[in-house]
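Engineer: In case you want the letters, here they are:
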Amino acid sequence: MNTREKVNLPQKEKENSILNHPINRKRFLMFSGITALGIGLGIQGCSEDDIVTTSTNSVDLGAGDVGVLNYAYALEQLEAAFYIQVAASFYSGATSAEIQILTDIRDHEIAHRDFFKAAIGSAAIPSLEVNFSSIDFTSRNSVLNTAKAFEDLGVSAYNGAGYLIDSAAYLELAGKIVSVEARHAATIRDLLNPRSPDFAGNDVVDAAGLDVKRLPSEVLNIAKTYLVTSVTANNLP
Amino acid sequence: MNLNKLYNTVNETINDKNVSRRSAFKGISKLGLGALTAAVPLAIAGSINKAVAGGSGISNNASGSTVVEILNFALTLEYLESRFYQQGLLASGLIPGGDRAVFTQISLHESAHVIGLISAVQSLNGTPVPQPTFDFTAGGVYADVFTNYNTFLTLAQAFEDTGVRAYKGQAGGLISNDPILTVALQIHSVEARHAAEVRRIRGQKGWITGNNGGGAPPVIYSREDNYIQGGVDVRTITTVSPDAISEAFDETLTMTEVLAIAGPFIV
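Going line by line, the protein sequences match chains E and G.
Here my numbering is used: the first residue of the first sequence is 1, the next is one more, and so on.
Here my numbering is used: the first residue of the second sequence is 1, the next is one more, and so on.
What the hints contain is simulated information worked out from the structure, not anything from laboratory work.
C-beta atoms are modelled at their ideal positions from N, C-alpha and C, and glycine is treated no differently.
Treat the hints loosely; a few may be bogus.
Claimed, not checked - Using C-beta positions, here's what the derived DEER-type ranges look like:
id : chain 1 : residue 1 : chain 2 : residue 2 : range
1  : E       : N57       : G       : G98       : 47 to 53 angstroms
2  : E       : D206      : G       : S92       : 28 to 34 angstroms
3  : G       : L89       : E       : S142      : 35 to 41 angstroms
4  : G       : D225      : E       : L192      : 36 to 42 angstroms
Using the sequences provided together with the hints, build the complete structure.
Structural biologist: What follows is the structure in structure tokens.
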């Protein structure tokens, strides 16, 4: 990805980096909306210019509903970046069904990311720099388990932050997205362990039939593994 | 509309023992499945409004329903789902061995939701709505629901996708009660996990493309082909396809719409 991130990437990831493949890079830019709209969407580091204009080492999400929306935007940026890299060069042995699913999810996360960027407007946090050095994008096991972790994390984040939202309209929007994240989570889990209880496994759904929830501080503590940018939520619990 | 008045009517009729509770739902259920294959019939909304006309109209939130009303509404749906899977798991030869673990898990969750919602209603000094009597054939339309696995799966998808939309539609009405809202959200995402898994077993995508119900009643997918979110036409700010945009956002159903869907299954 960008220069800073490349430093953190082992050789294997560098070789698989979408930016090292002109065709994939072009496709990435197309999906991220930069070439079509020129409105600066997309993850950090899509071009050298982006590094200069949006590079930042730390960002706070803000307070109130804007803080929660930025929180969601941060998570969607992370997910979109992950699936963009997954789909830029699928792990070997990926079935056509898996490619379809992961491509669909990539597009959903891009839609979520771009929506929040547009909806939050000038109060939006900048594009975040990601660090996927712990992920082996050539490995089905690594990719799908990371996807599972991201989707479950997203579900827990929306479930745990809903009560922080004051606007019923924003709450409904969050609801429209979280159920799609839950559909993703179940689908990825079904790929890993087909037709088992894992799609809504006891590791995420408790005996009362309630899905996992996490506070922003808990989510960010998990997400930081995948972020170069330090994201804080000083005005959120 | 004010569903609590409907439920009050239900409870009163039961207490009077003069009229069975089915009469309270008659306005919905007598329309039968034909209602499901058309746009949401205004007649249903009208019948419910008529049933609750003259009430005090007390409400404490934007959706016009109290927290207890919403919880009783959710409880009704959970009764339906819980009973549906219990009967499905008991039906000899219906669910293939390879899929039983999935439906056992779903059934456990729905039963837990029933218990949790009853408790939640009681915690607010409300009266939990009693479990209705269900007819999962919807008056014979789905006569083979417990002997034909494909029919069972179609209704399972219908109920799960409806449940997701139903909870989502009531979230705003729970905004004043943080603990209840959080529990509702935690149920909501579990229903979405269920929906995705059932859809996959049916050979569908786990997510909803446009308003395609894949053979489930189309009314359940009304407005799912929506591209405007929060006043933003998402098609204008991203380059992913309209299909992907529609998949990326699940839509809400109103209480009235959900009752119109559930009505034919309630005796």
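Engineer: So, for every hint listed, does it hold in this structure?
Structural biologist: Tested hints:
One distance hint, 47 to 53 angstroms for the beta-carbon pair N57 (chain E) and G98 (chain G), holds here, with the actual separation near 51 angstroms. Evaluation of the 28 to 34 angstroms hint for D206 (chain E) and S92 (chain G) yields a pass: the beta carbon distance comes to about 31 angstroms. For the pair L89 (chain G) and S142 (chain E), the supplied restraint of 35 to 41 angstroms holds, since their beta-carbon distance comes to about 36 angstroms. A hinted range of 36 to 42 angstroms is violated for the C-beta pair D225 (chain G) and L192 (chain E), which are about 31 angstroms apart.
Checked against the numbered hints given earlier, the structure breaks only hint 4 and satisfies all the rest.
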